[in-house]
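2 protein chains.
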Amino acid sequence: MSENSSSPIKPVQMNQVSNWDFETDVAIVGFGGAGSCAAIEASDAGAEVILFEASSDSGGSTALSSAEIYMGGNGGTRVQKACGYDDSSEDMFNYLMAAAGPQADEAKIRAYVEGSVDHFNWLVSKGIEFKDTEYKQRAIMSMTDDCLLYTGSEKAWPFRELAKPCPRGHNLYIEGDNGGPLFMKIMTENVHKNGVQVEFETRALSLIVDDQGAVAGLVVRQNREEKYVRARKGVVLCAGGFIMNEAMVKRFAPFLLAGNSPIGNPGDTGSGILMGMGVGAAAINMHEGFITLPYYPPSSLTYGIFVNDLGRRYINEDCYHGRVGYFSVAQESKRIFLVFSAEDFQDYQTNSYLGAEVAGTGDTIEELEGELGLPAGSLVDTVQEYNRFAAEGKDPAFNKSAEWLKPITAPFAALDCTPGRGVFVPVFTLGGLDTLPSGEVLDLEGKAIAGLYAAGRTTAGIPRRGQGYSSGMSVGDATFFGRMAGKAAAAN
Amino acid sequence: MSENSSSPIKPVQMNQVSNWDFETDVAIVGFGGAGSCAAIEASDAGAEVILFEASSDSGGSTALSSAEIYMGGNGGTRVQKACGYDDSSEDMFNYLMAAAGPQADEAKIRAYVEGSVDHFNWLVSKGIEFKDTEYKQRAIMSMTDDCLLYTGSEKAWPFRELAKPCPRGHNLYIEGDNGGPLFMKIMTENVHKNGVQVEFETRALSLIVDDQGAVAGLVVRQNREEKYVRARKGVVLCAGGFIMNEAMVKRFAPFLLAGNSPIGNPGDTGSGILMGMGVGAAAINMHEGFITLPYYPPSSLTYGIFVNDLGRRYINEDCYHGRVGYFSVAQESKRIFLVFSAEDFQDYQTNSYLGAEVAGTGDTIEELEGELGLPAGSLVDTVQEYNRFAAEGKDPAFNKSAEWLKPITAPFAALDCTPGRGVFVPVFTLGGLDTLPSGEVLDLEGKAIAGLYAAGRTTAGIPRRGQGYSSGMSVGDATFFGRMAGKAAAAN
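Quick note, the sequences are listed as chains A and B, same order. Numbering of the first sequence is given in the numbering used here, commencing with residue 4 and proceeding in unit increments. Numbering of the second sequence is given in the numbering used here, commencing with residue 4 and proceeding in unit increments.
FYI, nobody ran anything at the bench for these hints, they're computed from the structure. It cannot be assumed that every hint is accurate.
Identical copies carry no separate label here, and so any pair may be met within one copy or between two of them.
[Stated by the list, open to error] Derived pair list, reagent style DSSO-like, types lysine-lysine, alpha-carbon separation capped at 30 Å:
hint	residue 1	residue 2
1	LYS397	LYS230
2	LYS253	LYS490
3	LYS253	LYS450
4	LYS450	LYS84
5	LYS337	LYS409
6	LYS337	LYS167
7	LYS397	LYS253
8	LYS167	LYS253
9	LYS490	LYS139
10	LYS139	LYS397
11	LYS337	LYS84
12	LYS490	LYS450
13	LYS230	LYS139
14	LYS337	LYS129
15	LYS253	LYS139
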């Protein structure tokens with residue numbers, strides 16, 4: 004066989020393959036959220052499917068997540084309706100477009116919104132349960148079995164002016180942060196029920212292309228042997244992102260190196276993206292990622308203010324933590340502090356994810372300012388102005404919502420939220436293969452590559468910017484477009 | 004011939020080429036700043052060189068620029084020394100690293116700094132003249148024949164704290180904005196003097212690769228015929244960036260669509276980048292570009308303040324216009340205004356590049372605030388605080404330098420600097436092929452592709468961020484690394 008067969012980048016020529024170890028209609032790489040949904044849809048459509056997974060079990064990064072799923076529009080999902088929300092597709096569309104900013108993929112967002120309630124119903128039909136209740140706290144995830152919650156910046160400026168706010172995060176019917184494993188357990192059952200052949204501990208090495216450059220199969224490594232997979236209808240790459248590949252992050256998304264806690268599974272090495280690029284696919288949005296300071300719980304810290312080393316605010320603190328985190332990391336500042344009334348510290352020490360140290364305290368802001376080493380008068384001015392307006396429920400500087408405005412009062416305290424100083428900075432990638440809503444992978448000229456599909460974080464999907472992220476966008480995107488890719492491959 | 008030979012992306016296999024129309028050691032694509040310097044160095048090293056240029060004359064985007072060249076360090080260039088600056092390599096290195104931020108290519112910056120005075124001397128040896136004088140105004144370019152000027156944010160916070168400021172922009176010895184054509188005239192003379200064969204009106208179509216994937220030549224179109232070029236030592240891609248390729252900008256750098264005036268020549272279609280990617284090269288930093296609001300001259304407008312539609316400042320206005328422009332375009336704001344004392348309007352109407360309309364005037368800030376439609380009290384608060392500190396030569400909020408601080412006084416005026424409302428927003432790309440300091444092009448695994456070199460805006464070079472740009476970085480980078488690529492190809 005070709006000496007290049009072990010490189011993910013260099014495809015193997017089909018005419019060099021002497022025999023097939025596996026033959027199927029659709030070969031899927033990666034048994035996470037995207038891959039499982041692709042397998043279910045492809046097999047539901049009558050295709051023969053083999054799913055290849057490098058690790059010993061299903062799950063991928065979806066199983067490690069909370070598996071909140073971002074859904075709505077179309078008048079609302081069953082849960083949204085039960086909770087009194089008649090979410091419009093226009094509002095959901097406008098929110099997602101604003102969240103993705105100039106990088107928005109309008110066609111994908113349109114498809115995602117239009118299919119969103121169908122997607123909810125499909126998940127329910129596959130056995131995923133959602134409780135018809137709302138989790139009303141400002142939280143990163145539901146800590147009960149309640150379903151519906153705000154998981155982004157929908158209620159925060161400027162988004163609230165661009166789209167009527169509505170909660171769209173759907174948490175599974177299970178106590179606490181256990182949605183991911185449950186989601187993957189149910190999806191895995193469906194995959195098996197559908198008769199999909201699953202090959203665990205089998206790593207995809209490279210694609211196989213025919214004379215015309217169409218993808219015809221896959222080389223995998225199983226039991227220390229290279230095996231050849233013929234995929235008559237197509238290969239679907241659902242192999243995750245690249246946050247575990249430090250060299251690739253450094254090269255394509257160096258801003259994300261400010262993060263210290265890669266969120267993902269060990270397989271998120273970018274191999275799916277590289278395999279795609281190796282057959283001519285375009286990778287886009289490669290610089291972007293989710294990078295955050297998860298500064299709540301306790302939600303009471305939202306009453307505080309983030310300041311840089313000039314003692315100045317830079318964001319409305321009621322945004323989703325991912326947006327606050329993005330702008331915090333992007334500050335030209337040696338230090339980032341969260342300044343708050345000590346009473347709002349609450350259960351920080353037992354329930355916070357942040358891990359930030361108390362950087363200073365004071366009975367006066369002058370005292371705190373000194374302890375933080377901020378320029379004389381800087382924090383005093385900032386807090387004075389903030390308090391003056393907060394007392395009236397206003398924040399003319401950054402439009403923080405009245406709900407989270409109250410004067411900061413003595414005794415005062417501050418957390419050191421500077422990345423690199425002990426604080427937890429989770430991070431994952433948002434760049435990948437450019438795909439159509441159908442999951443077809445596009446080449447550098449914008450044409451679909453025959454026989455190649457992708458979904459999940461192997462692609463650039465709905466979420467395109469750390470500053471516009473909402474929890475549930477990635478699992479939502481992976482599962483929705485995983486289904487589309489499975490359908491399209493089966494119909495090829 | 005292969006039906007794919009007319010695609011820039013799909014390389015032609017060498018074994019399908021039946022005869023060579025041109026044979027040479029080094030084939031260079033593009034006769035701008037990078038290509039001319041590559042050709043001179045390669046031929047100086049004894050290599051046979053053919054230079055292919057799609058248009059009818061030399062020049063590229065360098066001829067359209069001011070051809071300021073960013074040079075210094077090593078104790079200073081001849082001009083820096085004559086003007087009393089003993090520029091240190093460490094300061095130049097630190098400035099360039101800070102300017103490029105997380106995207107910095109340390110090895111390239113190191114090579115560029117260490118070779119910078121040599122580069123100055125080399126240019127002089129080739130006939131480029133620089134006058135030993137300084138242009139002391141805050142300006143986008145020297146409007147006299149004076150040479151040395153600040154062309155970036157060296158004196159502005161935070162850079163001034165990270166590296167001792169020093170002017171490094173070197174303007175050619177010619178009155179006004181005429182450096183680009185003069186630079187290319189002299190470089191073109193050198194190319195001819197060196198006996199380099201030049202083929203004008205000859206478009207590079209695709210690379211030719213051998214069985215091992217090494218680049219062996221080039222397909223070009225000349226007189227409506229495809230011709231085959233054998234390059235024994237290598238091909239050097241100096242074909243510019245991709246700002247003229249709207250589809251490519253939309254796909255890879257959508258933020259730049261906020262610009263309305265692409266800076267470049269019609270050949271900046273990304274063809275060099277695509278040719279490289281087609282043989283497996285990695286393209287990096289593709290989302291970035293230079294995007295600006297050139298709001299001076301008159302430099303007196305630097306005494307003004309930029310505010311968003313909350314009536315709040317967001318930047319120290321004494322930064323280079325490219326940095327102010329970047330942060331202005333990045334604001335989540337429907338409108339951007341430059342507010343100033345009417346006396347600082349000066350010769351705006353005859354000498355400004357900006358083209359911004361006067362959005363409002365007032366004998367009081369309240370009146371101006373109303374005319375601009377800003378929230379009641381917002382601009383009043385901002386100007387009050389700004390003036391209070393400016394009177395003391397301080398700007399605790401954004402650290403604008405004392406040199407540009409004075410209270411804003413009646414009568415007041417504001418310019419509408421919102422992109423999309425008539426204002427001039429020049430833009431070009433800063434992403435491209437990943438190369439070594441030698442110009443060798445790297446593949447997706449980080450290995451050099453045999454026979455392939457690149458320089459100029461076909462590559463990701465020294466300038467990596469709009470927010471960190473200094474005039475002269477791009478021509479500096481193109482000419483310096485053009486030379487390195489020419490040398491390396493000749494030595495291959």
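Here is how each hint holds up against the structure:
1. LYS397 to LYS230: Neither. Shortest intra-copy (65 Å) and inter-copy (69 Å) distances fail the 30 Å Cα cut-off.
2. LYS253 to LYS490: For LYS253 and LYS490, the Cα distance is within 30 Å only across copies (28 Å; inside one copy 35 Å).
3. LYS253 to LYS450: The answer is both: 29 Å in one copy and 15 Å across copies each meet 30 Å.
4. LYS450 to LYS84: neither (40 Å within a copy, 55 Å between copies)
5. LYS337 to LYS409: Result: close both inside a copy and across copies, 28 Å intra and 28 Å inter.
6. LYS337 to LYS167: between (37 Å within a copy, 18 Å between copies)
7. LYS397 to LYS253: neither (41 Å within a copy, 38 Å between copies)
8. LYS167 to LYS253: Cα proximity of LYS167 and LYS253: across copies only (28 Å, versus 38 Å in one copy).
9. LYS490 to LYS139: neither (36 Å within a copy, 66 Å between copies)
10. LYS139 to LYS397: within (23 Å within a copy, 45 Å between copies)
11. LYS337 to LYS84: Intra 46 Å, inter 34 Å, cutoff 30 Å: neither.
12. LYS490 to LYS450: For LYS490 and LYS450, only the intra-copy Cα distance (19 Å) is at most 30 Å; the inter-copy one is 38 Å.
13. LYS230 to LYS139: neither (51 Å within a copy, 69 Å between copies)
14. LYS337 to LYS129: neither (50 Å within a copy, 44 Å between copies)
15. LYS253 to LYS139: neither (39 Å within a copy, 39 Å between copies)
Against the hints set out earlier in the document, violations occur for numbers 1, 4, 7, 9, 11, 13, 14, 15.
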